[in-house]
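**Q** Build out the structure end to end from the sequences listed, making use of the hints.
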Amino acid sequence: MATLHSISPQLIRISACLLALYDDDIWPCSATISTPAGGQAKCDGVKPVCGPCRRHPKEDECEYSDGPGRSRTKALEDQVSRLEARLQELENPDASTPSVKLHDPYAHYNETQRISKSPPLYIPAEPTMTLAPLSPFSPTSTSSSLPSGRHWNTFSALHANTESTGSSGPSTSPIRPLPATSPFLGAEEPSFLLIQNLLDKFLPHAAEFGFFLHVPTFRSSTLLSAPFGHPSRPTPALLSVVYLWGVHLSHSEALLLQEQAFLTRALQHVATDMFGTHPNRILHTMQAQVLLAYYFFRTGRFLEAKWQTGSAISLALGSGFHKLRSANMAPPATIGLSHDAPVYLDLPQTNLEEGERINGFWAVFTLHKLISVALEPPFNVCGALEAPGIQIDVPWPLDMPQYLDGLLTPEVRGNSTQREFQAFAAAFQTVHRLIEQCRAQLPAIAGHEISDPSLRTLILAHALVDAAIIKLHGIFAYADSSSKQHCLTAARNIITCGGVNLAEVGYLNPIMGTLWMIACHVFIDEVSRMRTQQPAWTESSTSAGGGDLTEEELMEYLRNGLTHLSLYSEDNVLTRYQLTKVQEAYSAI
Numbered sequence: 001m002a003t004l005h006s007i008s009p010q011l012i013r014i015s016a017c018l019l020a021l022y023d024d025d026i027w028p029c030s031a032t033i034s035t036p037a038g039g040q041a042k043c044d045g046v047k048p049v050c051g052p053c054r055r056h057p058k059e060d061e062c063e064y065s066d067g068p069g070r071s072r073t074k075a076l077e078d079q080v081s082r083l084e085a086r087l088q089e090l091e092n093p094d095a096s097t098p099s100v101k102l103h104d105p106y107a108h109y110n111e112t113q114r115i116s117k118s119p120p121l122y123i124p125a126e127p128t129m130t131l132a133p134l135s136p137f138s139p140t141s142t143s144s145s146l147p148s149g150r151h152w153n154t155f156s157a158l159h160a161n162t163e164s165t166g167s168s169g170p171s172t173s174p175i176r177p178l179p180a181t182s183p184f185l186g187a188e189e190p191s192f193l194l195i196q197n198l199l200d201k202f203l204p205h206a207a208e209f210g211f212f213l214h215v216p217t218f219r220s221s222t223l224l225s226a227p228f229g230h231p232s233r234p235t236p237a238l239l240s241v242v243y244l245w246g247v248h249l250s251h252s253e254a255l256l257l258q259e260q261a262f263l264t265r266a267l268q269h270v271a272t273d274m275f276g277t278h279p280n281r282i283l284h285t286m287q288a289q290v291l292l293a294y295y296f297f298r299t300g301r302f303l304e305a306k307w308q309t310g311s312a313i314s315l316a317l318g319s320g321f322h323k324l325r326s327a328n329m330a331p332p333a334t335i336g337l338s339h340d341a342p343v344y345l346d347l348p349q350t351n352l353e354e355g356e357r358i359n360g361f362w363a364v365f366t367l368h369k370l371i372s373v374a375l376e377p378p379f380n381v382c383g384a385l386e387a388p389g390i391q392i393d394v395p396w397p398l399d400m401p402q403y404l405d406g407l408l409t410p411e412v413r414g415n416s417t418q419r420e421f422q423a424f425a426a427a428f429q430t431v432h433r434l435i436e437q438c439r440a441q442l443p444a445i446a447g448h449e450i451s452d453p454s455l456r457t458l459i460l461a462h463a464l465v466d467a468a469i470i471k472l473h474g475i476f477a478y479a480d481s482s483s484k485q486h487c488l489t490a491a492r493n494i495i496t497c498g499g500v501n502l503a504e505v506g507y508l509n510p511i512m513g514t515l516w517m518i519a520c521h522v523f524i525d526e527v528s529r530m531r532t533q534q535p536a537w538t539e540s541s542t543s544a545g546g547g548d549l550t551e552e553e554l555m556e557y558l559r560n561g562l563t564h565l566s567l568y569s570e571d572n573v574l575t576r577y578q579l580t581k582v583q584e585a586y587s588a589i
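Be aware that the sequence shown starts at 1, since it is given in UniProt numbering, and climbs by one per residue.
In case anyone wonders, no lab produced these hints; they're calculated from the structure. Any given hint could be a false lead.
Listed below are the simulated DSS-like cross-link pairs for lysine-lysine, each with C-alpha atoms no more than 25 Å apart in a straight line [stated by the list, open to error]:
no. : residue 1 : residue 2
1   : 471       : 323
2   : 369       : 471
3   : 369       : 323
4   : 306       : 471
Label-pair ranges, simulated between beta-carbon atoms [stated by the list, open to error]:
no. : residue 1 : residue 2 : range
5   : 451       : 532       : 45 to 55 Å
6   : 438       : 328       : 21 to 31 Å
7   : 336       : 193       : 33 to 43 Å
8   : 503       : 405       : 34 to 44 Å
9   : 548       : 476       : 10 to 20 Å
10  : 259       : 588       : 32 to 42 Å
11  : 441       : 503       : 50 to 60 Å
12  : 437       : 272       : 40 to 50 Å
13  : 454       : 390       : 25 to 35 Å
Source: prediction; values computed, not measured. Backbone N, C-alpha and C define an ideal beta-carbon position, used for all residues, glycine too.
**A** So this is what it looks like as structure tokens:
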């Protein structure tokens with residue numbers, strides 16, 4: 001049955017025609033007409049003007065039904081007939097077939113524009129898992145509008161043109177229309193089973209991508225049966241970024257097709273969560289920004305990686321994380337104003353909370369250095385964290401179990417933590433000794449089980465130390481044989497990775513591609529020197545601990561480095577780019 005809204009324009013037009021047809025001003029000849037006096041007169045058919053018309057003049061000329069064309073009366077009668085037939089079609093669409101079907105030529109374009117402006121989240125089902133119904137998503141809210149006691153298995157499925165509902169009725173934020181073929185569009189989160197799956201994909205490798213929170217606590221709070229945005233769970237931004245990483249590392253064709261939708265959702269929440277009231281919004285937003293920076297770094301979107309890094313630095317400094325446990329008395333950082341009174345970040349309630357903030361700052365600091373080394377010219381490595389007036393007092397980070405054990409006692413205070421390092425960096429030999437001291441304190445890579453999560457961290461730590469040696473001595477390598485030998489030894493260490501089979505290790509921090517590229521260039525430079533018959537090294541090279549290498553041995557290390565880059569370039573845009581640069585450098589010698 002056609003709706004009243006669609007029929008009423010037709011009724012209006014028919015009524016207008018009927019009004020015009022039977023208006024007293026229309027006097028059709030060959031008919032009985034009304035006179036101004038109230039009587040009736042029969043048309044006598046006299047031409048050119050009939051008798052009644054001569055006696056009662058009118059503006060319109062007489063019309064005769066036997067004329068060469070249709071009279072206006074006949075034309076109006078025909079139009080009324082057509083409109084009545086159309087009205088019958090609208091009232092009974094199944095009883096007849098319309099003669100003309102119209103369509104909106106811009107419907108597809110408008111729908112495409114609507115979807116592109118607000119990409120929906122479609123969470124496909126894995127072959128082995130069943131997805132539960134999903135909860136509503138309010139695109140303009142940073143916290144759920146559902147009651148806090150609502151459970152996962154009571155989330156209702158969404159339908160097109162519905163609104164999110166809360167404990168007291170409809171929300172002010174309408175849900176976007178949802179195509180009937182995609183039941184998961186507009187959902188706040190994946191199903192409980194899929195969330196577990198995404199956590200299992202990401203958390204074993206989380207430390208490689210800057211995750212600094214206590215993993216068991218994060219996992220348990222994520223899986224609580226509380227709505228999206230509830231204060232007992234992580235913030236929507238952090239959850240959305242973790243889900244994005246889980247999709248990215250899943251190798252699932254169905255999920256990877258929706259990676260862009262997950263990314264869009266994550267970016268939306270990172271941009272808005274600070275406007276909410278979640279108790280951990282500062283720390284969790286900073287964690288989300290660090291994870292996003294590594295994601296963009298890994299996928300070759302360097303400008304976005306720098307942007308997220310800069311945002312994380314601003315949040316860390318603005319929140320005073322660089323002054324945690326400072327020995328210098330300073331007022332706490334003001335994070336806002338409320339009723340003309342300053343608002344400060346709440347003090348940590350447990351050793352674990354304080355440890356997460358300390359480790360969070362150093363995760364941002366590490367990210368800043370890695371991004372600078374990989375993407376900036378050498379003279380631009382220093383940045384916001386080394387700006388004049390920035391004094392870092394926060395203590396060095398600890399492992400999470402050490403915070404839980406109370407190792408960070410109340411008397412532990414920090415004072416110019418970073419300035420101490422910069423003082424060592426002022427003298428070349430002092431820095432060299434500092435690096436070697438750091439290496440001596442690292443556990444050996446050999447002896448760890450391939451399934452040990454700390455193995456990946458050790459590989460990264462050793463590689464960073466060796467890369468630091470190359471960076472330190474590289475500027476003197478062409479003039480000093482001892483420095484060149486230090487570079488070669490460090491490059492060999494980076495490539496061998498302690499003898500571990502990298503194909504069995506799993507995901508590594510994206511900076512490893514940069515470190516392997518640095519090592520490969522050391523071997524390429526030496527092969528180039530040997531082929532151009534530059535002076536051989538002196539006996540001092542043996543004292544550096546490396547011994548002389550033949551060209552074939554150098555080429556073997558170079559091939560192994562290319563193998564590592566190739567292995568990790570399959571799903572890493574940055575490493576794939578670095579592989580091509582190394583191949584180009586090798587082909588040029």
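**Q** For every hint, state whether the structure bears it out.
**A** Hint-by-hint comparison with the structure:
1. Taken as a hint, the residue 471 and residue 323 pair is broken in the structure, with Cα atoms around 30 Å apart against an allowance of 25 Å.
2. Pair hint residue 369 plus residue 471 holds up; C-alpha atoms about 13 Å apart against a cutoff of 25 Å.
3. Distance hint between residue 369 and residue 323 is fulfilled; the C-alpha atoms sit about 19 Å from each other, no more than 25 Å.
4. Simply put, residue 306 and residue 471 have alpha-carbon atoms about 22 Å apart, close enough for the 25 Å limit, and the pair holds.
5. Between residue 451 and residue 532 the C-beta distance comes to about 46 Å, which sits within the given range of 45 to 55 Å.
6. The hint said 21 to 31 Å for the Cβ distance between residue 438 and residue 328, and at roughly 26 Å that hint holds.
7. The beta-carbon spacing between residue 336 and residue 193, approximately 39 Å, falls within the hinted interval of 33 to 43 Å.
8. Checked against the hint of 34 to 44 Å, the pair residue 503 and residue 405 passes, with Cβ atoms roughly 36 Å apart.
9. Remark: the range hint 10 to 20 Å for residue 548 to residue 476 is upheld by a beta-carbon distance near 19 Å.
10. Separation of residue 259 from residue 588 is about 36 Å and conforms to the stated range, judged on CB atoms against 32 to 42 Å.
11. Here the CB-CB span from residue 441 to residue 503 is close to 29 Å, at odds with the stated 50 to 60 Å.
12. At about 45 Å, the CB distance of residue 437 to residue 272 agrees with the hint of 40 to 50 Å.
13. About 32 Å separates the C-beta atoms of residue 454 and residue 390, a value consistent with the hinted range of 25 to 35 Å.
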